[in-house]
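Protein chains in written order, with my numbering: chain A, 2 to 311; chain B, 2 to 311.
Take the hints with a grain of salt, since some may be wrong.
Copies of the same chain are indistinguishable here, so a pair counts whether it falls within one copy or spans any two.
Stated by the list, open to error - In silico DSS-like cross-links for lysine-lysine, where the CA-CA straight-line distance does not exceed 25 angstroms:
# : residue 1 : residue 2
1 : K159      : K31
2 : K124      : K3
3 : K311      : K153
4 : K159      : K3
5 : K31       : K213
6 : K30       : K159
7 : K239      : K127
8 : K242      : K276
Hints were generated in silico from the structure; no laboratory data involved.
Protein chains: 2
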Amino acid sequence: MKQINVVWHKIPDTDCTLSAIVFADYLNKKWYEAKPYIQGELNKETEYLLETLNIAKPEIATSFPEGTRVALVDHNEKSQTLDNIWDLDLEWVVDHHKVDFSTSAPLNIRMEAICSTSSILYKMYKESGFEISKEIGTMMLAWILSDSLLFKSATTTKEDVIIAEELKSITQITDFEKFAMPMFDAKSDLWDMDPEDIVKYDYKEFEINGHKIWVGTLETTNPWYALGRKNELLEAMKRIKEKSSLNFIFLSVVDIIWMKNISMVLDGDDSEVVKSVFDTEVTDNLADLKMRLSRKKQIIPDLTEFFTKK
Amino acid sequence: MKQINVVWHKIPDTDCTLSAIVFADYLNKKWYEAKPYIQGELNKETEYLLETLNIAKPEIATSFPEGTRVALVDHNEKSQTLDNIWDLDLEWVVDHHKVDFSTSAPLNIRMEAICSTSSILYKMYKESGFEISKEIGTMMLAWILSDSLLFKSATTTKEDVIIAEELKSITQITDFEKFAMPMFDAKSDLWDMDPEDIVKYDYKEFEINGHKIWVGTLETTNPWYALGRKNELLEAMKRIKEKSSLNFIFLSVVDIIWMKNISMVLDGDDSEVVKSVFDTEVTDNLADLKMRLSRKKQIIPDLTEFFTKK
């Protein structure tokens, strides 16, 4: 049996921990002895889920000894993965993001342009004839509902919906809204968090054509947790922008009940970028981005195009 | 129905044309209107197969209009793909090589560390519940036998062998050797070819740590087609090395009956590299590399290590 460590990405968005646990379960059913790892502390949604489902929190690791066999799940970019990925034996990648990595040897990769990596893993279980336990099925379902914001996100595909439906019989969870809302509420509960931690709660940092840009997203059932602390958050964004030598920083507060995106922007250049890219006004550091709920599909591509040409 | 063009890589090794035809057939069964393309003239093995199986030769193209949807099969590296890949809408990659590309959007990727991309496609048909026609099955089988040199190559996996066995009932081909030998003979028939074309018959060019290296392979049932023309071929290698500003050039003549590799090397630096990397003598520009039949697994990794440290 080959030992392998399964790793999720550095920046804790919702699906993180579950993805490593589910993929490790899959690999254990194949010909591996697989162990899930996380690269940092969990967000509140994931903490809530692990507690509710009574699942142990994986160990934290950001590097492994040279030559360790690893599997990456839900990410592939260098900036989001293990510190010493080049010393390791990368054997698997399962993901649904754009590609930005290279290897010196062939490996196993499964990527699909689909809302949730969970849906890809569900298909892989089916294809291999592996049984999906109630516990794994529940994690898969939570992960799909979280990724797709109860199917309201623009990234949702027909396949994600069909797979969630199929998971009903395994999980005996039939009321998706009832199952997902406490999970969404858990992640919305930001009142006791440090403003910098809120800005860092779920972000992607990119370098596009020499410009370093940072796009944070807060998906929340209660946008006032964030909007009510606007000044503190703008101060935190300013500090992060300076410390990380960013050219642009941006924080979307996505109301997942009412399906609206109100984004926070710093004065000056950043506001000009937002006005021009999203064709909107910026008033008191807030931009109404309306139904742009998906960072991957409705925010990043426009910013990428803008900074590529700049 | 989405239109998509399916493309194999620039340098014609054996599986090339078949891979584009088979993958286009798969995509047509999905939700595409797919058309196979090749990027240059065919080698003799492929010509023999298309003639024998009575299959039309795909059109040649090395670029497409901006925004054309494309699927790459059996390759992913920039140097081997369409000239204007960055203008195109890359939607699929099915391959079994190391990864060296990046994208600006998510896409569908299926890669496995397996001998033949044909085996991956076979699994994809099965997983999707698609029927494999006798014609497609025969192409798949030819492709597996060619990639694995009748299972003698070090890259052969248990899965490739099992899949070839499963293809017996679809193709009604049960004597693999009888089926594959005329195909191997066809590719061995080099007598009327220009020496430069022989050196370019099946090669990989890499840039490693600033060193441009070229590794050609002639898999043949009759090594004397090549060894008998040694001086002409060495002259051709010299010309190619100069024209392409290479730091190293190397041509393996792989006897697929007797499972031996005799490689041609130029005098000077190249001979020194071969001596040191493969721990062998070079006599009259020939190095006996013994059972190193797989370029991917038994030649490239050692050269990569050497030039990385140089």
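Comparing the hints with the structure gives:
no. : hint          : in the structure
1   : K159 <-> K31  : between (28 angstroms within a copy, 14 angstroms between copies)
2   : K124 <-> K3   : both (23 angstroms within a copy, 23 angstroms between copies)
3   : K311 <-> K153 : neither (33 angstroms within a copy, 54 angstroms between copies)
4   : K159 <-> K3   : between (36 angstroms within a copy, 16 angstroms between copies)
5   : K31 <-> K213  : neither (40 angstroms within a copy, 39 angstroms between copies)
6   : K30 <-> K159  : between (28 angstroms within a copy, 18 angstroms between copies)
7   : K239 <-> K127 : neither (47 angstroms within a copy, 53 angstroms between copies)
8   : K242 <-> K276 : within (19 angstroms within a copy, 54 angstroms between copies)
Figure legend: structure checked against the earlier numbered hints; hints not met, in rising order: 3, 5, 7.
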